[in-house]
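Residue numbers (full-length UniProt numbering), protein chains in the order written: chain Z, 1 to 363; chain X, 1 to 363.
No lab work stands behind these hints, which were simulated from the structure alone. One or more hints might be untrue.
Unchecked claim - If you only want the chain Z side, here are some residues facing chain X, beta carbon under 8 Å, derived:
no.: 1; residue: Val-34
no.: 2; residue: Ser-67
no.: 3; residue: Ala-116
no.: 4; residue: Gly-148
no.: 5; residue: Ala-152
no.: 6; residue: Thr-153
no.: 7; residue: Ala-172
no.: 8; residue: His-335
no.: 9; residue: Pro-336
no.: 10; residue: Thr-343
All C-beta atoms, glycine included, are put in the ideal place defined by N, C-alpha and C.
Number of protein chains: 2
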Amino acid sequence: MAEQVMLPDPAMPDPPSFDGWTCPLPLRDHPTVVMGHGGGGQMSAELIEHLFVPAFSNPLLAGLTDSAVVTLGGAHLAFSTDSFVVQPLFFPGGSIGDLAVNGTVNDLAMSGAQPAYLSCGFILEEGVELSVVGRIAKDLGTAAELAGVIVATGDTKVVDTGHGDGVYINTAGIGLVRDGVDIRPQRAAAGDVVIISGMIGVHGIAIMSVREGISFGTEVVSDCAPLNGLVAAMLDTTPDLHVLRDPTRGGVATSLNEIAKAAGVGIELTERNLPIPETVANACSFLGLDPLYVANEGKLLAIVARDQADELLATMRAHPLGADAAVIGECVPDHPGMVVTKTAFGATRVVDTPIGEQLPRIC
Amino acid sequence: MAEQVMLPDPAMPDPPSFDGWTCPLPLRDHPTVVMGHGGGGQMSAELIEHLFVPAFSNPLLAGLTDSAVVTLGGAHLAFSTDSFVVQPLFFPGGSIGDLAVNGTVNDLAMSGAQPAYLSCGFILEEGVELSVVGRIAKDLGTAAELAGVIVATGDTKVVDTGHGDGVYINTAGIGLVRDGVDIRPQRAAAGDVVIISGMIGVHGIAIMSVREGISFGTEVVSDCAPLNGLVAAMLDTTPDLHVLRDPTRGGVATSLNEIAKAAGVGIELTERNLPIPETVANACSFLGLDPLYVANEGKLLAIVARDQADELLATMRAHPLGADAAVIGECVPDHPGMVVTKTAFGATRVVDTPIGEQLPRIC
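With the rest of the complex left out, here is chain Z (with noise of 0.2 Å):
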C-alpha cells in the first residue's frame, strides 16, 4: 500500500489536541498516523524523539539502542522488544514466527548480551485458521530452540474480524551482557572501519517478490537468522568492539545515519565493497529501490579500530552467517552526522536517511 503523505495545511489554525495534550513539532505537520511513522526512518525517529521520549521521560530510552542495558539484582541485563506485522506471515526463507524470535534475538546480541529468555504476545485476528497459528507457533519454538533461547511467558488476545491481519506477535527478551563490552553507536570513533558480516538487502526483496509476484530469476530467500552465535564468536576475539547493529527496518543507510549522528562522526563507504547479491541488485533496479535502505534480517553492522578489524574479519569469515563478511568503509572526522558513499567513478554521494517508508511491513 502507498504511503499516504498528508502535506501541512498553511490554514490550521491549530494544532492537534487532544485533552491537554497538544502535537508536538515537527509532527504536527502529520496529525494522523501514516505508513512513514513505522518505517524506521526520520519519521518514526520524530515520532520517538518528540512524542514518546518526552512521555516517558527516561534516559535509557532516549539512547535509541536496539536494547536497554539495565542492572537488576547485580546483574547486567540487555532488555529489548519488537512488534512484527509482516506481510505475508509465509515468505521464502521464513515466517512471522522466526522473524519475531530472531529480531529480538539480534536486538539483544548488539549490545553484547547472550540472549536467554523471550516473551511472546500473539494478537489473533477472528477467522484466522488454527492450523497458521500452529505452524507459525512451530515455527516460533524450532527457531527460540535454534538461537538458544526460552520462550518464557507468553500472551493472546483475539480481536474481531476487520481489526488485525491474522496474526500479529510481539516478542521482549533478556540476556546477559557480557562483562567487560561496552558497545553503544556512541563509541564510532574517527578512524574506526565498518564491517557488514554479509549479502545486503535479501529479506525486503524475499518479501517483497511475495508480495508483487515478482520472480527476480532465482528465488530470493530471506536471510532471517539468529546472529548470536555469529557476535559471541567476534566478541571472543575481539571484546573491545565499538558498534553493533543490525540492519533491519530502513536498511544499512539508516543504521549507518543513526550512529554516525549518535556518535557525531562521518562515515564514508566505498560502494564497490558492498556485497550486494545480483538477484537483489536486478531485484532493485527493477523495482526502483536503494540495496542500502532495503531490510535485512541476519545481518549485522560491526564499528571497530582499524588495527583489530583484521582479526575480526578472519572470525567473522569462519563462521556460517559471516562468511561473506566484507569492509564497507570508515569513520572520518568530516562531516559529523553524515554518510556519503564513494561511486565507482570516484564521486561522493550522501545516504541520507529516509524519510518514510520504502517497503511497508517488512518485519
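With chain Z fixed as given, assemble chain X onto it according to the hints.
Coordinates of chain X only, in the frame set by chain Z:
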C-alpha cells in the same frame, strides 16, 4: 461483538492441516480463531495447552502463571508480557496506556516481584490521530511513574487502515523476586483462606458502560491501579504468602478455577462475603452477567495459611488499594479442582471456568 461459535461438523473429513501442522483435539472443533480464544476461559486454556505449549516445549510456559520466574546472572527475576486491545481506548478511570502499565506491573507483582523495567511495543493503525497516540503515551508514562517502573525500551509499527483498531500496545516487564518468597498456584492447600483485596467487577462494567452507552445511575470508574505497593506491604507482614493472582480477564471465577486445578484443592466461596458495589450488581443483573466473571484491573486474590490471615487482612486494609479487603472463602480437601459458592440460602452451586468470552476486548 457477539462471539461467533462454530459448531463441530460431524462430516468434516480431516482435521485442518497446514504444511505438516495438524490441528490437535479439542481445538479441531473450532478450526478458525473465534473471540473466545482470547477470553481467558476454557478456550484460551485449550489454545495454550494444545497449541502453544507443545510448540514452545519448555517447562516454564507450562506453569501457566502470570509471570515466569527465571534466574539470570545470579538474579532471581520475574518476566511477564501482556498485549492490550481494549475498546474504547479511553474509559472512565483510565486508558489503554494505564492498562498497559498496570497489567504487566500486576502480573510481575503476583510472583512476589518488585517490577523494575517495562518494554513497550505500539501497533498503530494508519489514520489514527497523533494527538490520541500522544495522550495514550502520556498516560502510559504517568502510570509508569506512579508504579515506580521505567519504560526502558520500545518499538512502533504501523499497519494499514482496516488492519488495526487505532492503538494496540504490548508491554513486557522484568522485576526482582523478593528473597525467600515462593508464590505459586500449586501452594494453595486445604485449610488456607482466600482473600480479595477489594470490590470486584468494576473494570469490566466501566468498559461495558461506555461501550454500550448504558448508564447505571452512578458512573462506574475502572479500578485500574498498580498493585506492587500493596504486595510489598503484604510480603513485609506475611512472607509466606502461598498464592497471589490478579483476577483480570475471566474475573475471580476463572482465576480461582486455575488455582484449584493447579493445586488439586477445592475452593469454597461464601457468596454473601463477596464485596460487590451496588452499581456493579445492578449493571450485572441488567446485562445478564455474573460479577464473579467480570474483569478487575486493580484487585488481587491472596491465599494464605489460616493462622496468618488476620494479620495479613489488617495489613491490606491499612493500604489504600486494600481498604475493602475481605475473606471470601477457603480451600477445602473436597471436590479438588472445583470452585463452589455457598449461596445466602445455604445452597451450593458450582462456579465453573467460562468456555469463551463474556466481555470481549476488556483489556
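Review point. Should the hint that Pro-336 of chain Z touches chain X count as held when the rule is a Cβ pair under 8 Å?
Key: violated, 27 Å
Check your understanding: Was the hint right that Ser-67 of chain Z lines chain X, CB cutoff 8 Å?
Key -> holds, 6 Å
Point to revise | Interface hint outcome for Val-34 of chain Z [beta carbon to chain X under 8 Å] | key: Where the cut-off is 8 Å and the nearest Cβ of chain X is about 6 Å from Val-34 of chain Z, the hint holds.
Check your understanding: Can His-335 of chain Z be said to touch chain X, with a Cβ gap under 8 Å?
Key -> violated, 29 Å
Check your understanding: Does Thr-153 of chain Z meet its interface restraint, that is, does its C-beta lie within less than 8 Å of any C-beta in chain X?
Key -> holds, 4 Å
**Study point:** Hint check: 8 Å Cβ-Cβ cutoff, Ala-116 of chain Z to chain X
**Key:** holds, 6 Å
Exercise for review: Let me know if the C-beta of Thr-343 of chain Z comes in closer than 8 Å to any C-beta of chain X, holds or violated.
Suggested key: Violated. Min distance 33 Å.
Practice item. Would you settle whether the hint for Ala-152 of chain Z is holds or violated, based on the nearest Cβ-Cβ distance to chain X being less than 8 Å? Key: This interface hint holds because 4 Å falls under the 8 Å limit.
Point to revise | Interface hint outcome for Gly-148 of chain Z [beta carbon to chain X under 8 Å] | key: Hint on Gly-148 of chain Z: violated, closest Cβ of chain X at ~12 Å, above 8 Å.
Exercise for review: Please verify that hint: Ala-172 of chain Z, Cβ, nearest Cβ of chain X, below 8 Å or not.
Suggested key: Holds, because the Cβ-Cβ distance from Ala-172 of chain Z to chain X comes to roughly 3 Å (cut-off 8 Å).
Hint check: violations occur at hints 4, 8, 9 and 10; the rest are consistent with the structure.
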